[in-house]
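Chains as they are written, first to last, in my numbering: chain H, 1 to 377; chain C, 1 to 377.
One should not assume that every hint holds.
No copy labels: a pair is met if it fits in one copy or bridges any two.
[Unchecked claim] With a straight-line cut-off of 27 Å between C-alpha atoms, the simulated DSS-like cross-links for lysine-lysine are:
1. 372 x 114
2. 182 x 252
3. 329 x 136
4. 235 x 329
5. 304 x 366
6. 68 x 270
7. 23 x 252
8. 203 x 341
9. 146 x 114
10. 264 x 361
11. 182 x 240
12. 252 x 136
13. 366 x 341
14. 117 x 15
Derived from the structure by calculation, the hints contain no laboratory data.
Chain by chain, the residues:
Number of protein chains: 2
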Amino acid sequence: MTKREEQSLEIVETKYFNLGALKLESGAAVNDVVIAYETYGKLNADASNAVYIAHAFSGDAHAAGYRKGDSKPGWWDDMIGPGKAFDTNKYFIICSNVLGGCAGSTGPASINPKTQKPYALDFPVITIGDMVNAQKKLVEFLGIKKLLSAAGGSMGGMQVLQWASAYPDDICSAIPISTAMKHSPQQIAFDEVARQAIMADPKWNNGNYYETGDAPDDGLSIARMIGHITYMSDKSMEEKFSRNRRLTQEGKSYFDVESYLHYKGGSFTKRFDANSYLYITRAMDYFDVSDIKFVKAAKKIDVKFLVISFASDWLYPSYQSEATVKLLKLKGYDTTYIEIKSTYGHDAFLLEFDDETKLIKHFLAKVYDDRKNAPAK
Amino acid sequence: MTKREEQSLEIVETKYFNLGALKLESGAAVNDVVIAYETYGKLNADASNAVYIAHAFSGDAHAAGYRKGDSKPGWWDDMIGPGKAFDTNKYFIICSNVLGGCAGSTGPASINPKTQKPYALDFPVITIGDMVNAQKKLVEFLGIKKLLSAAGGSMGGMQVLQWASAYPDDICSAIPISTAMKHSPQQIAFDEVARQAIMADPKWNNGNYYETGDAPDDGLSIARMIGHITYMSDKSMEEKFSRNRRLTQEGKSYFDVESYLHYKGGSFTKRFDANSYLYITRAMDYFDVSDIKFVKAAKKIDVKFLVISFASDWLYPSYQSEATVKLLKLKGYDTTYIEIKSTYGHDAFLLEFDDETKLIKHFLAKVYDDRKNAPAK
């Protein structure tokens with residue numbers, strides 16, 4: 001048994017919460033919204049130890065531990081568990097699949113109650129705000145009025161910023177990692193080319209492929225390959241692949257980086273829905289909390305921020321985190337910012353768990369102590 | 001009449017040179033190789049003022065001036081013409097479409113003399129070395145034994161390095177701009193995703209689309225969109241597009257950067273061949289002159305180098321030019337290196353012509369004077 005397995009949670013289970021109808025920011029509504037979620041650790045008596053973990057673009061509710069039969073743990077198992085950054089001996093951790101996703105929560109692949117067929121493109125446009133509104137309902141359902149913290153990287157960090165923006169009274173702290181208040185045109189451009197690759201696949205068929213069982217895997221695979229280039233740094237690619245080449249079984253010569261992309265693209269199609277790709281990247285591209293939403297000037301808001309970026313991340317470059325920090329500081333928030341040195345690029349938020357653990361463990365402990373010691377309101 | 005038109009060349013004409021059979025580096029051969037080319041200015045009596053201009057990936061032989069009926073000048077007209085960096089009052093300028101291309105030179109879309117049908121994937125694998133070998137034959141055909149210089153950006157710069165590597169005795173100087181001795185895995189990765197986008201288009205049909213007239217435009221367009229993201233910098237995208245949005249005639253809202261990519265992708269399909277895209281990017285990915293080819297230690301080689309890079313170019317980052325310079329200096333070459341400050345990214349080599357002009361004009365004049373004043377051999 002490896003050290004990692006020793007430190008992992010017992011068997012975990014994905015649960016499903018039907019929150020009923022959800023009114024969207026667009027004005028539309030989705031009925032019978034189901035949110036897939038997992039929880040780790042125990043909620044304490046006064047429900048003051050709950051931390052929401054928000055997943056990145058292609059993540060899911062399974063953030064930590066092993067589900068029955070799993071050979072691999074959840075996507076942030078390095079960070080969540082007994083004694084880890086998000087210490088399940090101390091905190092109650094919640095993670096859910098986003099609205100619009102394809103890993104148990106309601107999204108374009110779900111059955112539309114009105115037609116008894118998959119929504120496909122009849123699914124309404126969703127926003128990061130809608131995702132967080134659904135999370136808020138889940139958190140309330142679990143008996144929590146105010147979160148100790150919300151944390152997440154990449155699109156998870158956007159949700160964290162949205163939590164602080166939309167529910168500043170219901171959250172003690174926020175940990176946005178490798179993220180931005182809004183996408184730059186370069187980030188939008190990468191998303192758009194990925195969307196075009198999906199929509200150019202004839203099997204996409206204007207979103208109607210669920211019933212044929214013949215999904216636009218080629219297009220989705222290309223979209224994912226573009227993503228993987230942006231998740232690594234120039235340097236981490238050099239370290240991992242250099243210009244190494246090898247022959248395939250068919251006698252073709254590929255650079256290792258090509259084989260890596262082919263593999264990553266192909267395996268992604270087995271777990272992700274092409275329409276979800278379109279809806280969720282749109283939500284990211286339209287997201288923008290760089291205005292004054294963070295501040296309700298008339299009242300004192302006491303959210304503490306720990307903002308983390310990584311030096312080699314060129315998809316969500318440090319200057320974007322610095323812009324967030326600048327705005328927060330200008331508005332008087334208690335904000336700590338760390339740029340972690342790393343060569344891993346955007347993937348660093350999933351890989352540099354030693355550095356992240358030191359920062360987050362200490363930050364959370366302080367927020368928790370402050371909350372316990374605060375005079376009751 | 002604008003200042004630019006005043007300074008431009010008279011009407012120019014594309015010509016075609018049939019060099020016969022070309023033996024390739026792979027050992028294969030192509031028969032009846034035609035190379036499309038243009039020349040500007042006049043070759044002097046001792047044929048000592050000839051400069052070869054090598055085009056980038058999607059360029060062609062039409063580097064400067066206007067052909068009959070053209071509304072726009074050649075792709076480097078800012079740099080080539082009377083009084084310009086490559087001064088046609090002084091130098092004889094040659095530019096040709098690369099072997100494997102689709103703008104007049106023999107490539108996969110050309111008729112295979114054996115079958116009387118387009119080659120498609122029967123076209124043999126080609127290299128940057130093969131392209132330059134064809135250029136060497138063209139230069140000889142024009143009566144030139146030794147070039148005064150070879151210059152070019154991006155893939156043009158690769159050809160320049162190849163000229164210096166393969167024909168060091170037949171070139172006085174070399175001006176590689178925004179280029180590399182070899183592609184990094186990140187550069188290979190972008191090329192490979194573009195190739196996958198083309199090959200995933202059912203209309204690509206394993207390369208056989210010439211006779212149906214129904215080319216893989218969707219795939220080629222996506223490939224080009226990926227390219228355009230890498231040609232600009234994060235900052236130049238912000239300056240050009242920010243997060244501006246507008247409505248299309250159909251009432252859809254697109255970010256300006258999306259409309260730009262759609263336009264650039266679509267227009268590219270009208271002028272470029274998808275199979276050429278596959279062959280030429282492969283040639284770039286396999287190119288590697290980072291070994292000792294530059295040097296034949298036993299003899300003195302007197303090629304002068306002017307290496308230029310641009311600070312915001314992340315597709316061919318300055319560290320790659322610096323590696324070239326380091327190798328050249330180590331081997332004792334007379335090498336000047338300038339990194340030009342610019343926000344334009346990789347596109348800078350086409351846009352920062354004021355800075356380039358100052359550097360190149362002076363460099364070429366010096367090389368020309370040295371050649372004239374050298375003792376006859």
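Compare the structure with the hints numbered earlier in the document and write down the numbers of the violated ones, lowest to highest.
Going through the list in order, the structure violates hints 1, 8, 9, 10 and 12 and respects the others.
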